[in-house]
Structure formats: C-alpha cells, structure tokens
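> Generate coordinates for the entire structure from the input sequences, incorporating the hints supplied.
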Amino acid sequence: MDVLDIARWQFGIITVYHFLFVPLTIGLTAVIAGLETAWVRTGKEDYLRLTKFFAKLFLINFAIGVVTGIVQEFQFGMNWSDYSRFVGDVFGAPLAVEGLLAFFLESTFLGLWIFGWDKLPRGLHAGCMWLVHLGTLASSWFILAANSWMQHPVGYRFNPDTDRAELVDFWAVMFNKVQLVTFPHVILAAYMTAGTFLLGVAAYLYMKRKHEADRPMYHRAIRIGAAITLLAGIGVGVTGDLQGKVMTEVQPMKMAAAEGLYETSDSCAPFSVFTIGTPDGTEEKFAVTVPCLLSFLGTGSFDGKVEGINPLREEYVETYGQDPTAKAFTEGDYTPVIPVTYWSFRFMMGLGFFAAAGAALILWLTRGGRTPGVRWLGALGLSLPVATTLASSWGWIFTEMGRQPWVVFGLMTTESGVSPGVSTFEAATSLVVLTSLYALLAVVEIKLLVTYIRKGADPFVEPPDVPVGGADDDRPLTFAY
Numbered sequence: 001m002d003v004l005d006i007a008r009w010q011f012g013i014i015t016v017y018h019f020l021f022v023p024l025t026i027g028l029t030a031v032i033a034g035l036e037t038a039w040v041r042t043g044k045e046d047y048l049r050l051t052k053f054f055a056k057l058f059l060i061n062f063a064i065g066v067v068t069g070i071v072q073e074f075q076f077g078m079n080w081s082d083y084s085r086f087v088g089d090v091f092g093a094p095l096a097v098e099g100l101l102a103f104f105l106e107s108t109f110l111g112l113w114i115f116g117w118d119k120l121p122r123g124l125h126a127g128c129m130w131l132v133h134l135g136t137l138a139s140s141w142f143i144l145a146a147n148s149w150m151q152h153p154v155g156y157r158f159n160p161d162t163d164r165a166e167l168v169d170f171w172a173v174m175f176n177k178v179q180l181v182t183f184p185h186v187i188l189a190a191y192m193t194a195g196t197f198l199l200g201v202a203a204y205l206y207m208k209r210k211h212e213a214d215r216p217m218y219h220r221a222i223r224i225g226a227a228i229t230l231l232a233g234i235g236v237g238v239t240g241d242l243q244g245k246v247m248t249e250v251q252p253m254k255m256a257a258a259e260g261l262y263e264t265s266d267s268c269a270p271f272s273v274f275t276i277g278t279p280d281g282t283e284e285k286f287a288v289t290v291p292c293l294l295s296f297l298g299t300g301s302f303d304g305k306v307e308g309i310n311p312l313r314e315e316y317v318e319t320y321g322q323d324p325t326a327k328a329f330t331e332g333d334y335t336p337v338i339p340v341t342y343w344s345f346r347f348m349m350g351l352g353f354f355a356a357a358g359a360a361l362i363l364w365l366t367r368g369g370r371t372p373g374v375r376w377l378g379a380l381g382l383s384l385p386v387a388t389t390l391a392s393s394w395g396w397i398f399t400e401m402g403r404q405p406w407v408v409f410g411l412m413t414t415e416s417g418v419s420p421g422v423s424t425f426e427a428a429t430s431l432v433v434l435t436s437l438y439a440l441l442a443v444v445e446i447k448l449l450v451t452y453i454r455k456g457a458d459p460f461v462e463p464p465d466v467p468v469g470g471a472d473d474d475r476p477l478t479f480a481y
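Counting along the sequence shown from 1, when you hit position 98 you're at 98 in our numbering, and nothing is skipped either side.
Check the hints yourself; a few may be wrong.
[Said to hold, decoys possible] Derived lysine to aspartate or glutamate pairs resembling EDC-like cross-links, with alpha carbons at most 20 Å apart:
{"#": "1", "residue 1": "Lys-455", "residue 2": "Glu-212"}
{"#": "2", "residue 1": "Lys-455", "residue 2": "Asp-46"}
{"#": "3", "residue 1": "Lys-52", "residue 2": "Asp-5"}
[To be verified] Between beta-carbon pairs, the in silico distance windows are:
{"#": "4", "residue 1": "Pro-463", "residue 2": "Leu-180", "range": "37 to 45 Å"}
{"#": "5", "residue 1": "Ala-360", "residue 2": "Gly-421", "range": "52 to 60 Å"}
{"#": "6", "residue 1": "Ser-107", "residue 2": "Thr-371", "range": "37 to 45 Å"}
{"#": "7", "residue 1": "Lys-210", "residue 2": "Val-386", "range": "20 to 28 Å"}
It is worth saying that the hints were derived from the structure and are not from the lab.
Quick caveat: nothing in here was measured; it's all calculated off a predicted structure.
Think of the CB as a built atom: it goes at the ideal place given N, C-alpha and C, for glycine as much as any other residue.
Dropping the structure here:
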C-alpha cells in the first residue's frame with residue numbers, strides 16, 4: 001500500500017466512525033427537547049423521567065462525537081495538505097461559521113441545560129435544548145455545504161497563479177442544489193436514527209422484569225420512537241428520491257455506478273434489483289431489473305435518458321485528458337469501484353426501508369394500548385437502531401466512494417490531494433494509532449451506554465419550579481447527572 005491508499009483508509013475509518021455518533025446526536029437533541037416540552041405542558045412524570053434518562057445517553061454520545069470530530073479536521077493537514085490548500089479559500093468561510101457560531105450555540109446552551117435545572121424556569125430550560133438542536137442543525141448545514149461543494153463545485157473561480165479555488169459567491173455555496181436536497185435527507189435520517197434508538201432502548205427495558213413496574217412508561221416510549229421513525233423514514237424516502245434526480249444531473253457517473261448501468265439508455269432505463277458483474281466491476285453478467293424505473297428515479301420521467309458507465313468514462317477521458325504521472329487518470333479509473341457503490345447504495349436503502357417498515361409494524365401491534373409479545377419485540381426493537389446506524393454509514397460510504405476518483409468533482413483527483421511530504425511509514429503509523437485509539441473509545445462508549453441503559457430511568461424527582469425572574473439564592477450551578 002502507498003501513501004494514497006493508507007490516507008484513504010484512515011480517512012474512511014475515521015469518517016465512518018465519527019458519523020456513527022453524528023445522526024444520533026442530532027436526532028436525540030430533538031427527542032429530548034420534545035420529551036421535556038411534553039413534561040412542561042402536561043406535567044406527566046414519565047416525560048421528565050424519559051428526558052433525564054435519554055439525556056444521560058445523549059451526553060455520552062455527544063462527548064465521544066466531539067472528540068472524534070476534532071481528529072477528523074486534523075486529517076486535512078496531516079494527510080491531505082494539497083487538498084486543504086486547494087479548497088481552503090472556499091471551505092474557510094462555512095467551516096469558520098460552523099465553529100464560531102453553530103458549535104458555540106450548541107455548547108453554550110447545552111451547558112445551561114445541564115447545569116440549569118434548579119436555576120432556570122421550566123419553559124426556558126426546555127427552550128435551551130431546542131436551541132441546542134438548532135445549533136446541531138446549523139452545524140450540519142455548514143458542514144454539508146462544504147461537502148456538497150466537493151460533489152458539485154459552484155461559486156468559485158480557479159486562480160492559476162496560486163493553483164487554488166477561490167470563493168467568489170458565498171451564497172451559491174450555501175444554497176448549492178446538492179446541498180438543498182442533501183441537508184433534509186441527512187437530518188431526517190438523524191431523526192430516524194434517534195427514533196429507533198428511543199424505540200430500541202425502551203423495548204429492551206420493557207422486556208426486563210426488574211423494570212416491570214415502569215412498563216407503561218416504556219410502552220409509551222416505544223410508540224413515540226416508532227412514530228418518529230416512521231414519519232422520518234417517509235421523509236428520507238422523499239428526499240432520497242429528490243437527491244437521486246439531482247445526482248443524475250450533476251454526477252451522472254455516480255448514478256450509473258450505483259445501478260451498474262454500463263451502457264446509456266436513451267429511454268426507459270431499468271432499475272437493478274440485483275446484479276452480478278465481473279470481479280473488477282467492468283461488465284455485467286446477470287441482472288434482475290425493473291423496466292423503466294431508473295429513468296423515473298433519475299429524471300422524473302419513465303422515458304428519461306440515463307447515461308451509462310462506459311460512455312461517461314470515454315467522455316471524461318476526452319474532457320479531462322490523460323495524465324501519465326497520475327494513475328487516477330488512466331483510462332478506466334474515471335469510474336468508482338462499482339461493487340462498492342452498487343451494494344452500498346442497496347444496503348443504505350434496504351436497511352432504511354426495513355427500519356421504517358419495522359416501526360410501522362410496532363405501531364400497528366401496540367395500538368390501543370395493546371401489549372406486544374416480549375420475544376418478538378426484543379428482536380425487532382433491538383435490530384432497528386442497528387439498521388438505521390448502518391444505513392447512515394453505508395449512505396456516506398456511497399456518497400464519498402461514488403465520487404471517486406475525484407476529491408472535488410471535475411477539479412481535483414483524490415491522488416492529487418495527498419500531502420506530498422508524508423512518508424508511507426508516517427501514514428501507516430497514524431492509521432494504526434488512530435484506529436487503535438478509536439477501538440478503545442468504542443469499548444468505552446459501549447460500556448458506558450450498556451451500564452446506564454441497564455439501570456433504566458431514575459425515580460421521579462420534582463425539579464424546583466424556578467420563577468421567571470430566576471432563583472433568589474447564590475448557589476452555584478450544579479451538574480444534574
């Protein structure tokens with residue numbers, strides 16, 4: 001393996017690992033804010049107990065997510081300095097705003113929420129968590145805007161003297177057409193992940209005899225989680241359809257690779273349900289297809305034209321030329337790894353559909369206060385959060401791998417973005433160290449989550465009803481967990 005391969009493996013491992021925490025963090029802020037708001041409005045004890053219980057799990061997840069996110073940014077200077085130099089002027093603005101505005105919004109109001117139980121009025125305290133959620137949405141917007149620019153560069157000019165892309169239209173980057181469909185898709189997937197987490201944890205506790213007295217509360221949590229999952233799942237499907245149409249327009253090779261479509265279909269392109277190709281992914285051997293469905297998904301018309309891998313590869317060779325010093329520009333390397341893009345696309349969709357269908361089934365079987373069978377509830381409930389987490393991971397793998405060999409589509413190849421001064425030994429050392437460290441963090445994360453989940457929700461303790469003017473004493477803020 002050379003430096004490029006090692007750097008790509010390291011970035012892939014750290015990115016996928018970090019993204020295990022991101023959707024759950026985003027979604028849980030909304031879930032916790034909603035549960036506390038329900039308690040403030042209704043006064044029902046169960047809502048407050050669930051609020052504090054899932055807040056503990058959220059804080060564990062949030063802490064690990066912040067740590068892994070910091071390392072994620074360090075990679076740009078470690079292994080990808082040429083890439084950082086090329087995109088720095090474009091990425092500087094959105095990432096700076098994300099750090100200085102969005103993340104500070106999250107952390108400030110999260111601190112007020114954690115320490116303010118006996119200092120803030122109940123409504124204001126619940127509002128702090130809604131502001132934390134707003135901060136996570138803002139962070140997501142700016143980060144996804146940067147990533148969307150890599151998929152579809154807009155609002156820039158290339159400076160040949162500095163060999164850099166320079167920002168000329170900030171708002172074009174912020175409202176990139178890829179961004180406008182990617183953001184709702186990712187956020188709704190985060191709600192779906194949080195919904196299945198709520199459902200799965202509640203289902204696990206519902207099964208345990210030691211928590212039998214709290215079964216009505218966990219039954220309610222199961223239904224809330226299932227409802228969130230189903231509604232968000234419908235939204236994910238709708239936004240995914242819109243995303244596919246934009247992808248067909250701006251990244252036709254990614255769509256062709258996702259479907260294993262080797263030749264252009266001028267009309268009525270089939271959707272591949274299952275395809276077997278050659279080991280190198282250059283040719284289709286057997287396929288089960290649905291006629292005309294790909295044309296509709298990609299263009300909105302059953303007669304729409306969808307370009308194939310082979311004609312697109314020839315077009316890219318003619319457009320971008322051949323560089324004998326860069327293996328990413330030899331003929332055939334303008335395509336991503338077809339088996340990876342093809343199957344990651346299907347794993348993403350299949351797991352998402354499974355989670356939404358499972359949530360719908362649970363809602364139906366628990367309707368009207370019905371008590372579900374413990375055995376099947378446990379198996380299904382525990383499988384759904386795993387399914388949504390893996391679906392999000394496969395979605396990001398598809399998004400990034402489907403863009404290859406480009407790190408910025410049409411402007412810079414992945415090979416061209418690697419740090420020229422990093423040796424194979426240095427890259428391999430950082431890969432081994434960071435992967436080992438992340439494995440250790442995974443053990444810590446799982447241990448903490450399992451420990452607190454097994455304990456279940458704490459008994460109800462009435463928080464002080466602080467007047468609107470605030471507390472009268474000078475006691476310091478206290479940590480509530």
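> Take the hints in turn and mark each one as holding or not.
Hints versus structure:
With a C-alpha separation of about 13 Å, the suggested pairing of Lys-455 with Glu-212 holds against the 20 Å cut-off. For the hint pairing Lys-455 with Asp-46, the CA-to-CA distance comes to about 16 Å; that is within 20 Å, so the pair holds. In summary, the hint linking Lys-52 to Asp-5 is not supported, as the alpha carbons are separated by about 44 Å, beyond the 20 Å threshold. Taking 37 to 45 Å as the suggested C-beta distance range, the pair Pro-463 and Leu-180 conforms, at roughly 41 Å.
The beta-carbon spacing between Ala-360 and Gly-421, approximately 54 Å, falls within the hinted interval of 52 to 60 Å. Between Ser-107 and Thr-371 the beta carbon distance is about 42 Å. The supplied range of 37 to 45 Å therefore holds. Under the hint 20 to 28 Å, the C-beta atoms of Lys-210 and Val-386, about 24 Å apart, fit the expected range.
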